[in-house]
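Number of protein chains: 2
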Amino acid sequence: MLSRGFNATGVEAILKQANIPKGSFYNFFSSKEEFGLAVIDKFVADRFELLYPIFSDESLPPLERVRRSFEILIECFEGNDCFKGCLLGNLSLEMSDVSENVRQRLEQALQIWAGELTKLLLQAQKEKAIPSDMNTEMLAENLVSSFEGALLRSKVKKSPETLRNFIHFYFDIFLARKEE
Amino acid sequence: MLSRGFNATGVEAILKQANIPKGSFYNFFSSKEEFGLAVIDKFVADRFELLYPIFSDESLPPLERVRRSFEILIECFEGNDCFKGCLLGNLSLEMSDVSENVRQRLEQALQIWAGELTKLLLQAQKEKAIPSDMNTEMLAENLVSSFEGALLRSKVKKSPETLRNFIHFYFDIFLARKEE
Numbered sequence: 001m002l003s004r005g006f007n008a009t010g011v012e013a014i015l016k017q018a019n020i021p022k023g024s025f026y027n028f029f030s031s032k033e034e035f036g037l038a039v040i041d042k043f044v045a046d047r048f049e050l051l052y053p054i055f056s057d058e059s060l061p062p063l064e065r066v067r068r069s070f071e072i073l074i075e076c077f078e079g080n081d082c083f084k085g086c087l088l089g090n091l092s093l094e095m096s097d098v099s100e101n102v103r104q105r106l107e108q109a110l111q112i113w114a115g116e117l118t119k120l121l122l123q124a125q126k127e128k129a130i131p132s133d134m135n136t137e138m139l140a141e142n143l144v145s146s147f148e149g150a151l152l153r154s155k156v157k158k159s160p161e162t163l164r165n166f167i168h169f170y171f172d173i174f175l176a177r178k179e180e
Numbered sequence: 001m002l003s004r005g006f007n008a009t010g011v012e013a014i015l016k017q018a019n020i021p022k023g024s025f026y027n028f029f030s031s032k033e034e035f036g037l038a039v040i041d042k043f044v045a046d047r048f049e050l051l052y053p054i055f056s057d058e059s060l061p062p063l064e065r066v067r068r069s070f071e072i073l074i075e076c077f078e079g080n081d082c083f084k085g086c087l088l089g090n091l092s093l094e095m096s097d098v099s100e101n102v103r104q105r106l107e108q109a110l111q112i113w114a115g116e117l118t119k120l121l122l123q124a125q126k127e128k129a130i131p132s133d134m135n136t137e138m139l140a141e142n143l144v145s146s147f148e149g150a151l152l153r154s155k156v157k158k159s160p161e162t163l164r165n166f167i168h169f170y171f172d173i174f175l176a177r178k179e180e
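Heads up: the sequence lines are chains P and Z, in that order. Note that the first sequence ends on residue 180 in my numbering; no numbers are left out. Note that the second sequence ends on residue 180 in my numbering; no numbers are left out.
With the rest of the complex left out, here is chain P:
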């Protein structure tokens, strides 16, 4: 589903890969959409397991933790040879217009992610690492969306270059100018 999307992934292929006899899918899920929601939940849980140790690493300044959390996602993407990417982003474009349940689940997951970043950005703001007049909630959402866009571009390019540029522009230039 991460590689080929929701629609190109057939229930039969899922059962085959999971080594589960044909016909038993509907013992577990009432529909393919319900299965999709469970896949999103699992993806979000795995992602938080990966990111939470970084978000809570008090040995690093908060803005550095934000940067590092994106860098580790870039490393995962490179580990997949620039295939797959982020399930949330992939399903966002494929499913937001066609399944209201999937759309709501994605909205929730993206809000939680931005919410975690907002907490760190607020701390960074208190420590004067980012300007005091910047709306941290809006900035967190902008960071998440620009990251997803850079991932999209890197997936087409089959190179992490656009993602590296995202890190460079945001953390070395846009948010690095603190001459207040």
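A portion of the hints provided could be inaccurate.
Straight-line C-alpha distance at most 30 Å; calculated DSS-like pairs for lysine-lysine [to be verified]:
1) Z:Lys158 / Z:Lys42
2) Z:Lys119 / Z:Lys42
3) Z:Lys32 / P:Lys16
4) Z:Lys32 / P:Lys32
5) P:Lys42 / P:Lys16
6) Z:Lys84 / P:Lys84
7) P:Lys16 / P:Lys158
8) Z:Lys22 / Z:Lys32
9) Z:Lys22 / Z:Lys84
10) Z:Lys158 / P:Lys84
11) P:Lys128 / Z:Lys128
12) P:Lys32 / Z:Lys158
13) P:Lys84 / Z:Lys42
14) Z:Lys42 / P:Lys158
15) Z:Lys84 / Z:Lys16
16) Z:Lys16 / Z:Lys158
17) P:Lys42 / P:Lys119
18) Z:Lys32 / P:Lys158
19) Z:Lys32 / Z:Lys84
20) P:Lys32 / P:Lys22
21) P:Lys119 / Z:Lys158
22) P:Lys158 / Z:Lys84
23) Z:Lys42 / Z:Lys16
24) P:Lys16 / P:Lys84
25) Z:Lys16 / P:Lys32
26) P:Lys119 / P:Lys84
27) Z:Lys84 / P:Lys42
28) Z:Lys158 / P:Lys42
29) P:Lys22 / P:Lys42
30) Z:Lys22 / Z:Lys42
31) P:Lys84 / Z:Lys32
32) P:Lys32 / Z:Lys84
Covered stretches of chain P (chain Z as the covering partner; in silico rule of three or more C-beta atoms under 8 Å from a C-beta of chain Z) [unchecked claim]:
33) 80 to 90
34) 95 to 101
35) 106 to 114
36) 133 to 139
No lab work stands behind these hints, which were simulated from the structure alone. The C-beta atom is built at its ideal place from N, Cα and C for all residues, glycine as well.
Position chain Z against the provided structure of chain P, taking the given hints into account.
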């Protein structure tokens, strides 16, 4: 295809919408993939028809033309009630891992778009509207990818808010600080 993606759009539905008799699809296209490539080409041609008058509007400073070109795309998205979005972005995530021909066509289209922005950013740099040490080619690609990410997020949210924030952060804050 713009709403539902490549895989969820069947050849039969395409023929029905186009009022063309069943069976004649393969008189025009050798495969659904070839049809997809033609749809991308048509989308790119239409988009350039929309954007070219802005890119070449000498009554506006170059950086303002860049901003305006994104704003007009946001207006189109709002006109569709925050459905559909950008075919290039949608197909990027759905098709880059599964069709090398589609991937290459998307890569080409995204490069041309960034290339047009690079020309304007170089002019803006000459006029000292953006810092002299900024790599305009990298910045153009970052702008395109962050725009696509904001569009993705707005498509999930069914609100143009993330896109408006993209404009605000880039053009009122990130690129507006010219205190060299």
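Hints and how they fare:
1. About 26 Å separates the Cα atoms of Lys158 (chain Z) and Lys42 (chain Z), which keeps this hinted pair within 30 Å; it holds.
2. Taking the CA atoms of Lys119 (chain Z) and Lys42 (chain Z), the gap is about 24 Å. The hint holds against a cut of 30 Å.
3. Taking the CA atoms of Lys32 (chain Z) and Lys16 (chain P), the gap is about 26 Å. The hint holds against a cut of 30 Å.
4. Pair hint Lys32 (chain Z) plus Lys32 (chain P) holds up; C-alpha atoms about 25 Å apart against a cutoff of 30 Å.
5. With a C-alpha separation of about 19 Å, the suggested pair Lys42 (chain P) and Lys16 (chain P) falls inside the 30 Å cut-off, and the hint holds.
6. Between the alpha carbons of Lys84 (chain Z) and Lys84 (chain P) the distance comes to roughly 22 Å, so the proposed pair stays at or under 30 Å and holds.
7. A threshold of 30 Å between alpha carbons decides the hint, and for Lys16 (chain P) with Lys158 (chain P) the separation of about 29 Å falls inside it, so the pair holds.
8. Between Lys22 (chain Z) and Lys32 (chain Z) the CA atoms are separated by roughly 14 Å; this keeps the pair inside 30 Å, and the hint holds.
9. A distance of roughly 26 Å separates the Cα atoms of Lys22 (chain Z) and Lys84 (chain Z); the hinted pair therefore holds under the 30 Å criterion.
10. The straight-line distance between the Cα atoms of Lys158 (chain Z) and Lys84 (chain P) is roughly 25 Å, inside the 30 Å bound, and the hint therefore holds.
11. Among the hinted pairs, Lys128 (chain P) with Lys128 (chain Z) is consistent with the structure: their alpha-carbon atoms are about 28 Å apart, no more than 30 Å.
12. At most 30 Å may separate the alpha-carbon atoms for a hinted pair to count; Lys32 (chain P) and Lys158 (chain Z) meet this at roughly 23 Å.
13. Taken as a hint, the Lys84 (chain P) and Lys42 (chain Z) pair is honoured in the structure, with Cα atoms around 27 Å apart against an allowance of 30 Å.
14. At most 30 Å may separate the alpha-carbon atoms for a hinted pair to count; Lys42 (chain Z) and Lys158 (chain P) meet this at roughly 24 Å.
15. Between Lys84 (chain Z) and Lys16 (chain Z) the alpha-carbon distance is near 20 Å, which keeps this suggested pair within the 30 Å criterion.
16. At most 30 Å may separate the alpha-carbon atoms for a hinted pair to count; Lys16 (chain Z) and Lys158 (chain Z) meet this at roughly 29 Å.
17. Taken as a hint, the Lys42 (chain P) and Lys119 (chain P) pair is honoured in the structure, with Cα atoms around 24 Å apart against an allowance of 30 Å.
18. Between the alpha carbons of Lys32 (chain Z) and Lys158 (chain P) the distance comes to roughly 23 Å, so the proposed pair stays at or under 30 Å and holds.
19. At roughly 20 Å between alpha-carbon atoms, Lys32 (chain Z) and Lys84 (chain Z) fall within 30 Å of each other, so this suggested pair holds.
20. Distance check on the hinted pair: Lys32 (chain P) and Lys22 (chain P) sit about 14 Å apart at the alpha-carbon level, within 30 Å; holds.
21. Between the alpha carbons of Lys119 (chain P) and Lys158 (chain Z) the distance comes to roughly 25 Å, so the proposed pair stays at or under 30 Å and holds.
22. Only pairs whose Cα atoms come within 30 Å are accepted, and Lys158 (chain P) paired with Lys84 (chain Z) is accepted, the gap being roughly 25 Å.
23. Between Lys42 (chain Z) and Lys16 (chain Z) the alpha-carbon distance is near 19 Å, which keeps this suggested pair within the 30 Å criterion.
24. A threshold of 30 Å between alpha carbons decides the hint, and for Lys16 (chain P) with Lys84 (chain P) the separation of about 20 Å falls inside it, so the pair holds.
25. Taking the CA atoms of Lys16 (chain Z) and Lys32 (chain P), the gap is about 26 Å. The hint holds against a cut of 30 Å.
26. With a C-alpha separation of about 29 Å, the suggested pair Lys119 (chain P) and Lys84 (chain P) falls inside the 30 Å cut-off, and the hint holds.
27. Taking the CA atoms of Lys84 (chain Z) and Lys42 (chain P), the gap is near 27 Å; set against the 30 Å cutoff, the hint holds.
28. Restraint check for Lys158 (chain Z) and Lys42 (chain P): the C-alpha separation of about 24 Å stays at or below 30 Å, so the hint holds.
29. Between Lys22 (chain P) and Lys42 (chain P) the CA atoms are separated by roughly 23 Å; this keeps the pair inside 30 Å, and the hint holds.
30. Between Lys22 (chain Z) and Lys42 (chain Z) the CA atoms are separated by roughly 23 Å; this keeps the pair inside 30 Å, and the hint holds.
31. About 23 Å separates the Cα atoms of Lys84 (chain P) and Lys32 (chain Z), which keeps this hinted pair within 30 Å; it holds.
32. For the suggested pair Lys32 (chain P) and Lys84 (chain Z), the alpha carbons sit about 23 Å apart, so the restraint of at most 30 Å is met.
33. Coverage of a stretch by a chain is defined here by at least three residues with a beta carbon nearer than 8 Å to that chain's beta carbons; for the region 80 to 90 of chain P and chain Z the count is 5, and the condition holds.
34. For the region 95 to 101 of chain P, the stated coverage by chain Z is satisfied: 3 residues place a CB nearer than 8 Å to a CB of that chain, which reaches the threshold of 3.
35. Proximity of the region 106 to 114 of chain P to chain Z, defined as three or more residues with a beta carbon under 8 Å from a beta carbon of that chain, is established by the 3 residues found.
36. Counting residues of the region 133 to 139 of chain P whose beta carbon lies closer than 8 Å to any beta carbon of chain Z gives 3, which reaches the threshold of three, so the coverage claim holds.
Going down the numbered hints, you'll see the structure goes against none, and every one checks out.
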